[in-house]
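Student: Sequence:
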Amino acid sequence: MPLPTAPAKRAALLSERDYNLPARSPQAASSRQQTETPVTVPVSVATVAETVSAAADRAPSSARKKTPARGRATEHQAQAAHVVTPSASTSAQASATAAPAKSRKPRPLGPSKLFVLDTNVLLHDPMCLFRFEEHDIFLPMIVLEELDGHKKGMTEVARNARQTSRTLDALAGHNGSDITAGLPLSATGHRMAGGKLFFQTQLLSYTLPTSLPQGKADNQILGVVETLRQQHTPREVVLVSKDINMRVKARALGLATDDYQNDKTLEDGDLLYAGALALSPDFWTTHGSTVESWQQGANTFYRITGPVVPQLLINQFVYFEAPGEPSLYARVTEIRGATAVLKTLKDYTHLKNSVWGITTRNREQNFAMNLLMDPEIDFVTLTGTAGTGKTLMALASGLTQVLDDRRYTEIIVTRATVSVGEDIGFLPGTEEEKMGPWMGALDDNLEVLGKTDTSAGEWGRAATSELIRSRIKIKSMNFMRGRTFLNKYVIIDEAQNLTPKQMKTLITRAGPGTKIICMGNLAQIDTPYLTEGSSGLTFAVDKFKGWPHGGHITLARGERSRLADFASEVL
Numbered sequence: 001m002p003l004p005t006a007p008a009k010r011a012a013l014l015s016e017r018d019y020n021l022p023a024r025s026p027q028a029a030s031s032r033q034q035t036e037t038p039v040t041v042p043v044s045v046a047t048v049a050e051t052v053s054a055a056a057d058r059a060p061s062s063a064r065k066k067t068p069a070r071g072r073a074t075e076h077q078a079q080a081a082h083v084v085t086p087s088a089s090t091s092a093q094a095s096a097t098a099a100p101a102k103s104r105k106p107r108p109l110g111p112s113k114l115f116v117l118d119t120n121v122l123l124h125d126p127m128c129l130f131r132f133e134e135h136d137i138f139l140p141m142i143v144l145e146e147l148d149g150h151k152k153g154m155t156e157v158a159r160n161a162r163q164t165s166r167t168l169d170a171l172a173g174h175n176g177s178d179i180t181a182g183l184p185l186s187a188t189g190h191r192m193a194g195g196k197l198f199f200q201t202q203l204l205s206y207t208l209p210t211s212l213p214q215g216k217a218d219n220q221i222l223g224v225v226e227t228l229r230q231q232h233t234p235r236e237v238v239l240v241s242k243d244i245n246m247r248v249k250a251r252a253l254g255l256a257t258d259d260y261q262n263d264k265t266l267e268d269g270d271l272l273y274a275g276a277l278a279l280s281p282d283f284w285t286t287h288g289s290t291v292e293s294w295q296q297g298a299n300t301f302y303r304i305t306g307p308v309v310p311q312l313l314i315n316q317f318v319y320f321e322a323p324g325e326p327s328l329y330a331r332v333t334e335i336r337g338a339t340a341v342l343k344t345l346k347d348y349t350h351l352k353n354s355v356w357g358i359t360t361r362n363r364e365q366n367f368a369m370n371l372l373m374d375p376e377i378d379f380v381t382l383t384g385t386a387g388t389g390k391t392l393m394a395l396a397s398g399l400t401q402v403l404d405d406r407r408y409t410e411i412i413v414t415r416a417t418v419s420v421g422e423d424i425g426f427l428p429g430t431e432e433e434k435m436g437p438w439m440g441a442l443d444d445n446l447e448v449l450g451k452t453d454t455s456a457g458e459w460g461r462a463a464t465s466e467l468i469r470s471r472i473k474i475k476s477m478n479f480m481r482g483r484t485f486l487n488k489y490v491i492i493d494e495a496q497n498l499t500p501k502q503m504k505t506l507i508t509r510a511g512p513g514t515k516i517i518c519m520g521n522l523a524q525i526d527t528p529y530l531t532e533g534s535s536g537l538t539f540a541v542d543k544f545k546g547w548p549h550g551g552h553i554t555l556a557r558g559e560r561s562r563l564a565d566f567a568s569e570v571l
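Residue numbering for the sequence shown follows this note's numbering, beginning at 1 and increasing consecutively.
A couple of the hints might just be wrong.
Within a straight-line C-alpha distance of at most 27 Å, the following computed DSS-like cross-link-like pairs (lysine-lysine) qualify [said to hold, decoys possible]:
#	residue 1	residue 2
1	Lys216	Lys249
2	Lys152	Lys113
3	Lys434	Lys504
4	Lys501	Lys434
5	Lys216	Lys152
6	Lys475	Lys543
7	Lys543	Lys242
8	Lys242	Lys152
9	Lys113	Lys352
10	Lys434	Lys475
11	Lys264	Lys434
12	Lys242	Lys504
13	Lys451	Lys473
14	Lys249	Lys113
15	Lys451	Lys352
16	Lys152	Lys501
Per label pair, the in silico range of CB-to-CB distance [said to hold, decoys possible]:
#	residue 1	residue 2	range
17	Arg251	Ala322	32 to 42 Å
18	Leu351	Glu447	13 to 23 Å
19	Gln524	Leu467	31 to 41 Å
20	Leu313	Asp444	28 to 38 Å
21	Gly324	Lys346	39 to 49 Å
22	Arg251	Gln231	19 to 29 Å
23	Thr484	Lys346	43 to 53 Å
24	Glu156	Leu351	44 to 54 Å
Read the hints as simulated data drawn from the structure, not as lab findings. Predicted model only: the values in this text are computed from it and were never measured. All C-beta atoms in this analysis are idealised placements derived from N, C-alpha and C, irrespective of residue type, glycine included.
Using the sequences and the hints given, assemble the complete structure.
Tutor: What follows is the structure, encoded as structure tokens:
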């Protein structure tokens with residue numbers, strides 16, 4: 001049976017007379033497809049059903065079995081007929097009436113760039129080779145030499161150098177790879193990387209100013225970039241480096257350069273999720289007519305709808321403060337479509353709700369204490385300036401839940417051992433004794449918490465202090481790999497000095513019944529090469545926002561002393 005005529009477009013179906021036409025030669029069919037203008041014939045649903053049933057009744061049994069294959073072939077012919085049709089008006093009509101195709105990722109506009117990577121980028125992020133999407137990557141020979149010089153040791157830099165070397169070996173060893181033509185970066189399964197990796201396979205001649213020493217590695221890379229820029233004109237060649245001085249020298253030589261931005265969670269620290277949202281003064285006017293409320297225990301619940309709902313996240317705090325009107329402090333517990341459920345908070349500013357003798361002094365501290373005392377919250381992040389009470393509240397809530405509520409078995413405290421000044425050398429003693437000098441903030445806060453019980457005498461306070469210290473374990477981050485904490489209350493202090501990889505290592509130690517509190521001040525980062533945007537604390541806050549079992553709050557007001565508050569503001 002001959003193949004029927006191709007339909008005018010994909011939505012059009014075959015008519016009954018198309019099945020009875022004689023067969024045509026391939027040349028005639030192709031010439032007819034190129035010269036004829038397809039005509040769109042509107043077909044109703046009833047006509048479609050009658051045509052399909054009539055054709056199925058007339059066709060023999062063997063033809064019926066092959067009908068799906070013929071249908072697919074006809075559909076492909078229809079697509080081909082659309083492609084070669086020269087009529088502009090018909091093409092416009094077909095595109096206007098055709099069904100919308102599947103949404104695809106828009107292809108980048110313009111030519112791809114050639115990025116030359118500095119060694120520090122590879123040592124900073126071993127997976128950076130796959131972060132440049134459709135663009136190509138070039139590695140000078142001196143970069144490979146520097147990688148080889150950093151591979152020894154147990155430091156983070158050495159591990160990243162070895163990981164980069166393994167990645168390069170996997171790309172070069174892939175079947176059919178040709179180093180001269182470029183190694184496809186998607187060969188190892190990273191489909192988002194659409195470019196190629198090029199190595200320096202020949203000696204490149206370049207001329208640099210005589211004031212730049214020719215033997216220095218940075219200057220050799222600059223010379224390679226200059227040569228590539230001349231060879232690949234008008235294609236853009238960009239140097240990517242974490243070294244600020246090298247980027248300055250590159251710009252002075254007229255070379256395009258940029259920082260490696262992929263490791264930054266946020267471009268601006270001000271955009272960090274704060275954990276709290278102030279409701280507008282006209283909130284009850286705009287939402288009051290649709291608000292539902294009910295009482296459950298000591299808490300009041302509100303179900304709201306309106307324009308504020310899309311801005312909310314699970315476990316985000318909202319507050320309403322206006323002169324002459326009652327205040328509202330609540331937490332978002334549920335979001336379904338265009339509705340959200342708010343739950344009022346426990347007031348820890350009142351003495352009857354004190355935690356280990358500590359009461360909160362401001363709104364944000366009350367928000368933080370509600371997160372710390374909630375057994376359904378497994379992960380809490382607290383950020384704020386010095387003296388906002390982060391460590392004190394975390395310790396007070398931990399002691400209450402370990403010693404009074406018996407919710408956790410013990411408190412584990414750790415922190416990043418990054419000094420403000422120069423290193424004082426090796427510390428003697430056991431693990432806890434070595435960590436002792438780093439835990440001065442812990443001792444200061446335990447001293448404050450030990451003085452809250454004024455009714456017990458000197459002996460009572462001493463016994464309480466011994467009991468407290470028996471339930472607090474100080475651990476070093478260096479020995480956390482492979483551990484699992486069961487029913488522990490884990491405090492990670494000075495978390496702003498952690499990298500995202502270190503943060504992931506610590507958080508994944510949590511076993512069943514464990515709660516982790518991360519605290520830090522993003523304005524006091526002491527780790528080299530870390531910024532507010534690339535800190536592990538910023539990474540954790542951004543990734544955990546909206547999780548039903550995690551919460552974050554940014555503490556705004558300092559409560560340490562008027563001297564500390566003024567120094568934080570003006571210095």
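Student: Does each hint fit the structure? Answer for all of them.
Tutor: Hints and how they fare:
no., hint, result
1, Lys216 to Lys249, "holds, 13 Å"
2, Lys152 to Lys113, "violated, 33 Å"
3, Lys434 to Lys504, "holds, 24 Å"
4, Lys501 to Lys434, "holds, 24 Å"
5, Lys216 to Lys152, "holds, 22 Å"
6, Lys475 to Lys543, "holds, 26 Å"
7, Lys543 to Lys242, "holds, 24 Å"
8, Lys242 to Lys152, "holds, 21 Å"
9, Lys113 to Lys352, "violated, 64 Å"
10, Lys434 to Lys475, "holds, 10 Å"
11, Lys264 to Lys434, "violated, 33 Å"
12, Lys242 to Lys504, "holds, 23 Å"
13, Lys451 to Lys473, "holds, 21 Å"
14, Lys249 to Lys113, "holds, 21 Å"
15, Lys451 to Lys352, "holds, 18 Å"
16, Lys152 to Lys501, "holds, 20 Å"
17, Arg251 to Ala322: 32 to 42 Å, "violated, 52 Å"
18, Leu351 to Glu447: 13 to 23 Å, "holds, 21 Å"
19, Gln524 to Leu467: 31 to 41 Å, "holds, 32 Å"
20, Leu313 to Asp444: 28 to 38 Å, "holds, 34 Å"
21, Gly324 to Lys346: 39 to 49 Å, "violated, 25 Å"
22, Arg251 to Gln231: 19 to 29 Å, "holds, 21 Å"
23, Thr484 to Lys346: 43 to 53 Å, "violated, 31 Å"
24, Glu156 to Leu351: 44 to 54 Å, "holds, 47 Å"
Hints 2, 9, 11, 17, 21 and 23 from the list above are not met by this structure, while the remaining hints are.
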